[in-house]
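> Start from chain A and add chains B and C according to the hints.
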Amino acid sequence: MLTLIYLIAITAEAMTGALAAGRRNMDIFGVAVIAFLTALGGGTVRDIVLGRFPIGWTQHPEYIYLVLGAGLIAIPLARHIQRLTPLFLFLDALGLVAFTVIGCDVALGMGYATPVVVMAGMITGIAGGVMRDVLCNRVPVVFRQELYASVSLVVAFAFILMVKLGVPQEVGIFTSFFVGVVLRMVALRWQLGLPVFSWQGAQH
Amino acid sequence: MLTLIYLIAITAEAMTGALAAGRRNMDIFGVAVIAFLTALGGGTVRDIVLGRFPIGWTQHPEYIYLVLGAGLIAIPLARHIQRLTPLFLFLDALGLVAFTVIGCDVALGMGYATPVVVMAGMITGIAGGVMRDVLCNRVPVVFRQELYASVSLVVAFAFILMVKLGVPQEVGIFTSFFVGVVLRMVALRWQLGLPVFSWQGAQH
Amino acid sequence: MLTLIYLIAITAEAMTGALAAGRRNMDIFGVAVIAFLTALGGGTVRDIVLGRFPIGWTQHPEYIYLVLGAGLIAIPLARHIQRLTPLFLFLDALGLVAFTVIGCDVALGMGYATPVVVMAGMITGIAGGVMRDVLCNRVPVVFRQELYASVSLVVAFAFILMVKLGVPQEVGIFTSFFVGVVLRMVALRWQLGLPVFSWQGAQH
Chain A
1 MLTLIYLIAI TAEAMTGALA AGRRNMDIFG VAVIAFLTAL GGGTVRDIVL
51 GRFPIGWTQH PEYIYLVLGA GLIAIPLARH IQRLTPLFLF LDALGLVAFT
101 VIGCDVALGM GYATPVVVMA GMITGIAGGV MRDVLCNRVP VVFRQELYAS
151 VSLVVAFAFI LMVKLGVPQE VGIFTSFFVG VVLRMVALRW QLGLPVFSWQ
201 GAQH
Chain B
1 MLTLIYLIAI TAEAMTGALA AGRRNMDIFG VAVIAFLTAL GGGTVRDIVL
51 GRFPIGWTQH PEYIYLVLGA GLIAIPLARH IQRLTPLFLF LDALGLVAFT
101 VIGCDVALGM GYATPVVVMA GMITGIAGGV MRDVLCNRVP VVFRQELYAS
151 VSLVVAFAFI LMVKLGVPQE VGIFTSFFVG VVLRMVALRW QLGLPVFSWQ
201 GAQH
Chain C
1 MLTLIYLIAI TAEAMTGALA AGRRNMDIFG VAVIAFLTAL GGGTVRDIVL
51 GRFPIGWTQH PEYIYLVLGA GLIAIPLARH IQRLTPLFLF LDALGLVAFT
101 VIGCDVALGM GYATPVVVMA GMITGIAGGV MRDVLCNRVP VVFRQELYAS
151 VSLVVAFAFI LMVKLGVPQE VGIFTSFFVG VVLRMVALRW QLGLPVFSWQ
201 GAQH
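If you read the protein sequences in the order shown, they are chains A, B and C.
Under the numbering used here, the letters of the first sequence match residues 1 to 204, in that order.
Under the numbering used here, the letters of the second sequence match residues 1 to 204, in that order.
Under the numbering used here, the letters of the third sequence match residues 1 to 204, in that order.
Next comes chain A alone, as it looks inside the complex (with noise of 0.2 Å):
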């Protein structure tokens, strides 16, 4: 069930990665490298931090085939993806759980502290975004837009939270997917987002 999420995850994430390519008028190459990198770039980061070699898809090369196919065919359908915007957004909440749930799971198997397991999580989610924005050249938008990076924060305090209290696993997933997608939608639905800090001073 994780596993087919994650998939759906990973194809959107693509396909939002081609987009933002497609943008700064990259070629393919430009659009695959870009697509990869959203889909695949956070779990990538995530492996190295932890030091868990080989890293995840270096062992399943069909999800390398999966997000490359994902981010070109993405390019002939861009018109359509941008009318399916709101199919796009729930996607992309489900995967940002998908991502924050297994990265923190993947922590915990290798016996990390708490704090280190949150990040894990967390890095999970949002490091594949945040790749895609450097690269495009422009400041990440997970650090400005609605609730993003603290959602995958109150997914990643609720899984680990139950996973600590001895729920069992299926219930510790379903919950925090119902609780990050309802607070990702609700975010976009009134435009919630965290207090911004604006500073004019001098660089010093």
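Keep in mind that the hints were calculated from the coordinates and are not lab data.
Covered stretches of chain C (in silico footprint by chain A; criterion: 3 or more residues with CB under 8 Å from a CB of chain A, positions within the stretch not fixed): (1) 103-115; (2) 129-138.
Some chain C residues flagged as far from chain B (calculated, every beta-carbon gap over 10 Å): (3) L2; (4) Y6; (5) L94; (6) S150; (7) L153; (8) F157; (9) G166; (10) P168; (11) V171; (12) T175; (13) L183; (14) M185; (15) W190.
Reference excerpt, derived from the structure (chain A facing chain B, CB under 8 Å, subset only): (16) A113; (17) V116; (18) R138; (19) P140; (20) A149; (21) G193; (22) L194; (23) V196.
Heads up, the beta-carbon is just placed ideally off N, CA and C, and yes, glycines get one too.
Chains B and C alone, transformed into the frame defined by chain A:
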């Protein structure tokens, strides 16, 4: 002693990271991420490049709390931090030297060759600031400022030389701090910098 | 033979990195860093992604001296390098192929699946240039230029195919160079590029 200076340093670096994030109007999550990377990013890159797992801060959750706390507390204190600029420049110089010495020490302990040890020290000293600037979408100031990376380089050479000469470690550390902090302060006072390479040739 | 071409390649890449840094008015330290990353950054990323520690250049301090020297010597020679652009484009093509072949070879030796081997070759070939461009704060040209990454891709496929077919390694390497350099030169001569994906849709 080195640990105490290290803790002061990561606190100060986290705060400068928070201010940089504030200049880009990031939300408080973005502030926390930039604070974390500015303070602990250099050590993270060093550990990855040296193949040293698990990465340092994953074994010290208290460092995570410290830098996140420092970054967030910088938000209400921004005005005062601005006024305390000379203090922060001093703390930053301390941190640069502390990071460099620690980085060299780690690489020496793993048996790497001297140029790799120098690079490990410099990576620890400056990579955090580079990550901060890349994520804030500007050319890293460390490549353009008064002597900064050069201070790290001089400190690394001095520390390694003293280790190779068999100087007691306390003396080596103290001398490194003295040389490094004085050099940095002199560079700031008289705006000393490395020669700049300005090249307007066409791109090929 | 491959080693000799590799040494020429990292020298040439270091010089192109230095010129890019000069266009951003970096000081000589910045020039050294960009030269280093352009030349050795691709291999570094490859080794990290493949979980191959210690990283290659940490065991070859002479490579460090070579690329730093090449980067710094490029400063007084900038005018002449500009005039030698055709030579540098040729050396750069050699380097692209050498990096790609070496990257594939490393991943094959570690037993990775074919798509991972292809990616290891391409990462080695192009990640250094991507890092150079990100640090110089521009959209990586490799995503927008004439066939460049595509050359790396074709070379990787050709090399792997020949290895799988049991072709003697010397023949495989020679053929890869022939195909790769000719393809790159043809692409430059007639400005061949991949189709570009330009997408002006609103961001969601």
